[in-house]
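> Residue numbers (numbering that gives the first Met the number 0), protein chains in the order written: chain A, 0 to 179; chain B, 0 to 401.
Take the hints with a grain of salt, since some may be wrong.
So the derived list for chain A, only partly shown, Cβ under 10 angstroms to chain B, looks like this [unchecked claim]:
{"#": "1", "residue": "Met0"}
{"#": "2", "residue": "Ile26"}
{"#": "3", "residue": "Val29"}
{"#": "4", "residue": "Leu50"}
{"#": "5", "residue": "Tyr52"}
{"#": "6", "residue": "Asp98"}
{"#": "7", "residue": "Gly117"}
{"#": "8", "residue": "Arg118"}
{"#": "9", "residue": "Ile135"}
{"#": "10", "residue": "Ser146"}
{"#": "11", "residue": "Ile147"}
{"#": "12", "residue": "Val149"}
{"#": "13", "residue": "Phe150"}
{"#": "14", "residue": "Leu167"}
{"#": "15", "residue": "Val173"}
{"#": "16", "residue": "Ala174"}
Note that these hints are calculated values from the structure, not bench results.
All C-beta atoms in this analysis are idealised placements derived from N, C-alpha and C, irrespective of residue type, glycine included.
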Amino acid sequence: MAQEYKLLFAGGMGAGKTTAITAISEIPPVSTDVANSDKKSFDKALTTVTLDYGRITLPSGDRLRLYGIPGQKRFRFMWPMLEQGAMGVVFLADASRPDPLAELEIFFDAFAGILASGRAVLGVGRLPEQHDALNIYIESLRKRDFSIPVFSVDVRQKKGVMLLLDALFTQIEVAEGNYQ
Amino acid sequence: MRAETLHRISVRIVCLGLDERDIVVVRSLLRLIDGRRNISWGFHDGMEEAPEAVTVMIAHVSVADACRRAGGFAKVICAFPDGEPVPADADLLLHHPLRAAELLTLLNRLEETFSFGTAAFLARFPAEAVKVSAGGMAEEDVRISSFPSQTVQKRTVPESLRQAGAPDRAMTYLNPPHASHPADLPPMGGRLPTVGALVAFLQDGGQGQDADLFDSRGWIARLRGKQTKAWVSSCFMLESGASPRAEIFRWKPAPDGGPLLEPGDRLVEIETDLFAWRFAGFFCRDLATLAIPEQSELHLKRWPDFGVLPQFSSRPGVLLATALLTQQPRSLPDLCRESKASEADLSYLLGACWLCGWLHCRQPSGEMQMQPSITAAEAENNQAGKKGFSAVVRSLRKVLGF
């Protein structure tokens, strides 16, 4: 019988969740986008209000479901359900947002279980031009005793998404001792 | 996205001593590769060029050496006729008359070298961050001192600094075994940056001087502590073209007249961590260089930003080695066996991370709390992972084309 797996993409508005899912999904992502009512803080015509959904079917018939999780408060009740049994989380951030770390830290706290297992990776886009701009994200994770790959990536390029997934998969294999 | 267009680098090819047919081949291939990456390729036709254009010379063997000595070219490619002995000192060679396939291979190699810096690093560290000497020299940490050129003309860089009364500056003098630019550094004249100068001067290898990694790490740490940037000779960047991890940075001559270094060398300013990676690329080519005791346990306290090292991160075993070292301390032999990464790649990874201060190396008896304590819920989550994500990951890797 075919198995179902879940891979989560979590991040604030404009972080690139829909784009990342689009890069790897075999179907056009099913998005619940609506007109963005917060154009003051982010100039984007559409934004996802509940979930993005994409899918990859494996040769065995098993399916990997890809969920893009936005940060709106009213949908946070769904997060524990999504996390349960998920194979991993790809956190995404847009560093040009007013407080990208605060947006991420909500996710870090909510997905602490999966972070502790190491089955997570963080991709940060639009980094400022300063020395080691990733440090604030790495420090925030370290304070929580989490050590996951943190990369500067542009998820609009497929290779950026692939790098994140490659690192996540490697993390999973090493965590499970199954990397030979 | 900001960097793609902003940091396009112009490379111009100049030909010397070649015939019309060769030039047609060069022009055709330049049209073919132009714009594939963040590089604008063009043939130098005597028109005014952008000042930041990188110039590559393709010269007949009879004039190649003179071109190299003249300086000012990012690369000098030597075209030598069939049947003649291969020049021993040239690292970039072509047969003459030019063969399209051979030239294309070489241009691809140069493109790798040039575009890595523009596409990846310059996206993070654009022109402002990779300042060239003149503007940045006024900064507090780096000043210029003048020397009468006749007194230093025949001295090496460190000798010159000592002469200038700056022997205690945090200055390192290195001797990369793979560099091949004997004419470009000492002797030199003109002016040198000194104060706390933290300048890496690189001289041609082969004289039995090896980099002292331990000294270099302290030097880099001081650099980081000062929150300043490293100044390196452009030779350091340009010559690294021989390495697959090479990068090239934009450089300009000092605008206030007079070269900073002679002949044909200039200074570029780079980020500290970037310097550490460049440095490791030169010096950490085998594990013996790192002198890690076999029984030591290695632990990596953070992942490098592989987003700016895309070529390196895609090499076999590099991500695995990093994941192994971040998740659990390991001895070097274990790491080699489990990661299956090449010795060169492991040396580069470990050396660079060590220079950046991210790699811990301790005796097995030493205390080392690596793994965070986990809650019951987290443990359950871990257990869920152990039920079989590895199998689906293997399958996913195939489907996604890893």
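> Each of the hints needs a verdict: does it hold here or not?
Each hint, compared with the structure:
| no. | hint | result |
| --- | --- | --- |
| 1 | Met0 | violated, 14 angstroms |
| 2 | Ile26 | violated, 14 angstroms |
| 3 | Val29 | violated, 20 angstroms |
| 4 | Leu50 | violated, 21 angstroms |
| 5 | Tyr52 | violated, 17 angstroms |
| 6 | Asp98 | violated, 21 angstroms |
| 7 | Gly117 | holds, 6 angstroms |
| 8 | Arg118 | holds, 6 angstroms |
| 9 | Ile135 | violated, 13 angstroms |
| 10 | Ser146 | holds, 5 angstroms |
| 11 | Ile147 | holds, 8 angstroms |
| 12 | Val149 | holds, 6 angstroms |
| 13 | Phe150 | holds, 4 angstroms |
| 14 | Leu167 | holds, 9 angstroms |
| 15 | Val173 | holds, 4 angstroms |
| 16 | Ala174 | holds, 6 angstroms |
Of the numbered hints stated above, those contradicted by the structure are hints 1, 2, 3, 4, 5, 6, 9, listed in ascending order.
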